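S.K.: Sequence:
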Amino acid sequence: MKKWKKFGMGFLVLGLWVFPVSLLFAQSLETRVKFLEDIDNVDWYKVYEKNIIIGWRGLPDNFYGWNHRTAVKASLASLYEVKVWSVRHRQKSWLPGKGGHICVTTAKSGRFGKSNCKK
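Residues 15 to 133 in the working numbering are what the sequence shown spells out, letter by letter.
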């Protein structure tokens, strides 16, 4: 019986530690990608868990570079892999896993992962 109490307390402590960390993670991601507001072709962007979704109104010449830069900057603020999803500006309710995205770029701990965006 004591083992179960220790296990339950350990699980509770772990849960209380992870929850605030995840809240700080989401806030720091938002502050890391504020530069997206200055890009003309970005209509909107949002942070959803470990994902950043960018709504593009037309694609700029350096589209690959903006996705790469966003992924790397956001991943500097986290311990996890960050995915940057590019969608059309009309898809405001889009979430990862729905399909119909333009491309996705990943990065982890400030290091570029992979991308299927065209250069």
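Among the hints, erroneous ones may be present.
The calculated BS3-like cross-link candidates involving lysine-lysine, where the alpha carbons are at most 27 Å apart (straight line), are [what the hints assert, rightly or not]: (1) K60 to K48; (2) K60 to K132; (3) K48 to K112; (4) K106 to K133; (5) K64 to K128; (6) K48 to K133; (7) K64 to K112; (8) K122 to K133; (9) K60 to K112; (10) K132 to K112; (11) K106 to K64; (12) K60 to K133.
Have a look at the derived ranges for each label pair, beta carbon to beta carbon [said to hold, decoys possible]: (13) G114 to E63: 30 to 36 Å; (14) L73 to M23: 51 to 57 Å; (15) T45 to M23: 32 to 38 Å; (16) M23 to G72: 52 to 58 Å; (17) R102 to E51: 15 to 21 Å; (18) W58 to G113: 27 to 33 Å; (19) C117 to D54: 41 to 47 Å; (20) F126 to D57: 23 to 29 Å; (21) D54 to K133: 24 to 30 Å; (22) L93 to L73: 19 to 25 Å; (23) M23 to G114: 41 to 47 Å; (24) P110 to M23: 31 to 37 Å; (25) D54 to G111: 24 to 30 Å; (26) L109 to L73: 20 to 26 Å.
These aren't lab readings, by the way, just hints derived from the structure by calculation.
All figures in this text were calculated on a predicted structure; none of them were measured in a lab.
Cβ coordinates follow ideal geometry from the N, Cα and C atoms, glycine included.
S.K.: Report the numbers of all earlier hints that the structure fails to satisfy, in ascending order.
M.R.: 13, 18, 19, 21 and 22
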